[in-house]
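Line by line, the protein sequences are chains A and B.
So that you can map any letter, position 9 of the first sequence is 9 in the working numbering, and since no number is skipped, the others follow by simple counting.
So that you can map any letter, position 70 of the second sequence is 70 in the working numbering, and since no number is skipped, the others follow by simple counting.
Bear in mind the hints are in silico, worked out from the structure with no lab data behind them.
Cβ coordinates follow ideal geometry from the N, Cα and C atoms, glycine included.
Incorrect hints may appear among the rest.
As the list claims (entries may be wrong) - Every beta carbon over 10 angstroms from chain A, so not counted as near; a handful from chain B, in silico:
hint : residue
1    : Ile9
2    : Gly12
3    : Gly30
4    : Ile52
5    : Glu58
What the hints assert, rightly or not - Estimated spans, in silico, between C-beta atoms of each pair:
hint : chain 1 : residue 1 : chain 2 : residue 2 : range
6    : B       : Gly12     : A       : Val176    : 21 to 29 angstroms
7    : B       : Ala56     : A       : Trp61     : 20 to 28 angstroms
8    : A       : Val176    : B       : Ala20     : 18 to 26 angstroms
9    : A       : Leu138    : B       : Leu60     : 24 to 32 angstroms
10   : A       : Tyr45     : B       : Gln46     : 42 to 50 angstroms
11   : A       : Leu147    : B       : Ser31     : 33 to 41 angstroms
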Amino acid sequence: MAAEGKIDPMHQFTVEPLVPLHIGPYDISFTTSSLWLLVALVVIYGFMALGMKRQLVPGRWQVAVEGVTGFIDDMVKVNIGPKGKAYVPYIFSLFIFILVSNLLGLLPLAVIGIHPFTTTSHFSITGVLAVLSFSIVLIVGFWRHGLHFFSLFVPHGTPKVMIPLIASIEFISFMVRPFSLGLRLFVAMIAGHILMEVFGSFIVSGFNGGAVGWGVGALSFAFIIGVAALELLVCAIQAYVFALLTTLYLNDAINLH
Amino acid sequence: MDFASAQVIGAGLAAIGVGAAAVGVGNVFGSFLESALRNPAAADSQQGRLFIGFAAAELLGLIAFAVAMIILYAR
Numbered sequence: 001m002a003a004e005g006k007i008d009p010m011h012q013f014t015v016e017p018l019v020p021l022h023i024g025p026y027d028i029s030f031t032t033s034s035l036w037l038l039v040a041l042v043v044i045y046g047f048m049a050l051g052m053k054r055q056l057v058p059g060r061w062q063v064a065v066e067g068v069t070g071f072i073d074d075m076v077k078v079n080i081g082p083k084g085k086a087y088v089p090y091i092f093s094l095f096i097f098i099l100v101s102n103l104l105g106l107l108p109l110a111v112i113g114i115h116p117f118t119t120t121s122h123f124s125i126t127g128v129l130a131v132l133s134f135s136i137v138l139i140v141g142f143w144r145h146g147l148h149f150f151s152l153f154v155p156h157g158t159p160k161v162m163i164p165l166i167a168s169i170e171f172i173s174f175m176v177r178p179f180s181l182g183l184r185l186f187v188a189m190i191a192g193h194i195l196m197e198v199f200g201s202f203i204v205s206g207f208n209g210g211a212v213g214w215g216v217g218a219l220s221f222a223f224i225i226g227v228a229a230l231e232l233l234v235c236a237i238q239a240y241v242f243a244l245l246t247t248l249y250l251n252d253a254i255n256l257h
Numbered sequence: 001m002d003f004a005s006a007q008v009i010g011a012g013l014a015a016i017g018v019g020a021a022a023v024g025v026g027n028v029f030g031s032f033l034e035s036a037l038r039n040p041a042a043a044d045s046q047q048g049r050l051f052i053g054f055a056a057a058e059l060l061g062l063i064a065f066a067v068a069m070i071i072l073y074a075r
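Just chain A, same shape as in the assembly (with noise of 0.2 angstroms):
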């Protein structure tokens, strides 16, 4: 893309239609960002239906599948407890699908002309997640304990004199949740990309430019492998920071403190 004059990182972002399509005002055109979403639906899908044979000796994929549940299972079970069942397999979809988004937007398919699209790098994506979350929070929170669940903003043992300045903190740190949920997934995939792109531009443009061009575009062929394998390893970690802090925000609601 930017073989030579400005490097252009954004422009893996833009969101384009492919079918386009208005009703009224509305532009609800197919856009790329929907072909990815379709594409790590049917991934999801193929890996599930694959797996979901029940075997009584499993096989290989069966155990990886078996491998992701039981993976959720456990960090819900650990966190919130026996009454959290209810809530693994919400907490299983937001798992998976995070990850196979990010992945799928990590596919080095640009060598044959496929570029992948990044459905988690748009806050339009990770804010609804991130909102979905919050308010299972404040339904479930409201449900279980109906006005109750206000005590939430009072810890234990405070002092009489300090409940209104505790209360007001602990206000403002629980409706700062959603954004940071969805803001840490958005800019950690956001990040990663611009720099493998800023990266990958430094090697072309280092290649078309003399003995001291060389040496940079290999540093930098050098350095972007090192951190192909570190965005793997975030795509990982950031999916299961998401459903690891909305399993704890679920027991906050449904504990309380």
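Got chain A; can you put chain B on it based on the hints?
What follows is chain B alone, placed relative to chain A:
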């Protein structure tokens, strides 16, 4: 100083926060490893807390990055 150069300098200054977050994340994992080696039996049960600390430290660095981007692409 014209607007464009001020913008680039501002974005560069905002990026210092990312380095500060690197110190924080290193501290989280370093302290965890230090205590995990002293008491390996208790290490596994604390992994959830490790990632909560990591997430909190990392978020602040990512916010610094977001601020840098907002400054860089302002207007």
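To see whether the hints hold, each was checked on the structure:
1. Ile9: 18 angstroms, holds
2. Gly12: Consistent with the label, B/Gly12 stays out of reach of chain A, its closest Cβ about 14 angstroms off (over 10 angstroms).
3. Gly30: 17 angstroms, holds
4. Ile52: 7 angstroms, violated
5. Glu58: Given that some Cβ of chain A is not farther than 10 angstroms from that of B/Glu58, nearest at about 7 angstroms, it is violated.
6. B/Gly12 / A/Val176: 21 to 29 angstroms: With a Cβ separation near 27 angstroms, B/Gly12 and A/Val176 satisfy 21 to 29 angstroms, so the hint holds.
7. B/Ala56 / A/Trp61: 20 to 28 angstroms: 37 angstroms, violated
8. A/Val176 / B/Ala20: 18 to 26 angstroms: Since the Cβ atoms of A/Val176 and B/Ala20 sit about 20 angstroms apart, the hinted range of 18 to 26 angstroms holds.
9. A/Leu138 / B/Leu60: 24 to 32 angstroms: At roughly 25 angstroms between Cβ atoms, B/Leu60 and A/Leu138 fall inside 24 to 32 angstroms, so the hint holds.
10. A/Tyr45 / B/Gln46: 42 to 50 angstroms: 36 angstroms, violated
11. A/Leu147 / B/Ser31: 33 to 41 angstroms: Since the Cβ atoms of A/Leu147 and B/Ser31 sit about 40 angstroms apart, the hinted range of 33 to 41 angstroms holds.
The structure shown violates the earlier hints numbered 4, 5, 7, 10.
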